[in-house]
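K.L.:
Sequence:
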Amino acid sequence: MSSDETQDFGSLAGRFDATAVTTVGPYVNVRYFAAGGMAWLYEAGDPDAPGKRLAVKLMKPEFAAIPAMRERFLREAKLLAEVRLRHPHLVSVHRYGVDEGSRCPYFAMEYIDGGTLAERLVESGPLSVEDSAELFDRVLGALASLHREGVIHRD
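Residue numbers for the sequence shown follow numbering that gives the first Met the number 0, beginning at 0 and rising by one.
Worth double-checking, as some hints may not be accurate.
[As the list claims (entries may be wrong)] Restraint ranges, calculated between C-beta atoms of paired labels, are given here:
| # | residue 1 | residue 2 | range |
| --- | --- | --- | --- |
| 1 | Ala132 | Lys51 | 28 to 36 Å |
| 2 | Asp130 | Thr18 | 17 to 25 Å |
| 3 | Glu129 | Arg102 | 44 to 52 Å |
| 4 | Arg102 | Phe135 | 36 to 44 Å |
| 5 | Asp130 | Pro46 | 37 to 45 Å |
| 6 | Phe32 | Phe135 | 22 to 30 Å |
| 7 | Leu142 | Asn28 | 29 to 37 Å |
Hints in this document: simulated from the structure, not taken from any laboratory.
Note that the structure is predicted; figures quoted are calculated from it, not measured.
Positions of the beta carbon are idealized from the N, C-alpha and C atoms, including for glycine.
Make a model of the complete structure from these sequences and hints.
P.N.:
So, in structure tokens, the structure goes:
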């Protein structure tokens, strides 16, 4: 990446409104619904399967400007799409690429309807010991299946 491209990303990061995005890659009419440390999440329809919803993860410009982070994001998306891991507690990656408008990498995965753990805790209070153990068993099982394929989850 040239210094000119890095400069472009830097200026994009300062003026990029994640909630105003309407298109990511081939996905149109996307709806912003969450932010993580490195990326924003959007809900989108699958152009290949009308009526099917996907979650699209778009890397934030300030991280896309760092070549090593950008390459790692795309490498992991490619691996997850190719491996097509089948585990009851993992989502599958359908497509990945670089968005033409923002020039930021993205990947699309199945959308799971429902709330977050934080929302559940606010609504229902702390989990019981049994529920906590079941949740951690599910998470650790999913991570173990990733590790068997050589994928390290960095969040």
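K.L.:
Are the hints correct? Go through all of them and say.
P.N.:
Tested hints:
no., hint, in the structure
1, Ala132 <-> Lys51: 28 to 36 Å, "holds (33 Å)"
2, Asp130 <-> Thr18: 17 to 25 Å, "violated (33 Å)"
3, Glu129 <-> Arg102: 44 to 52 Å, "holds (47 Å)"
4, Arg102 <-> Phe135: 36 to 44 Å, "holds (38 Å)"
5, Asp130 <-> Pro46: 37 to 45 Å, "holds (38 Å)"
6, Phe32 <-> Phe135: 22 to 30 Å, "holds (25 Å)"
7, Leu142 <-> Asn28: 29 to 37 Å, "holds (33 Å)"
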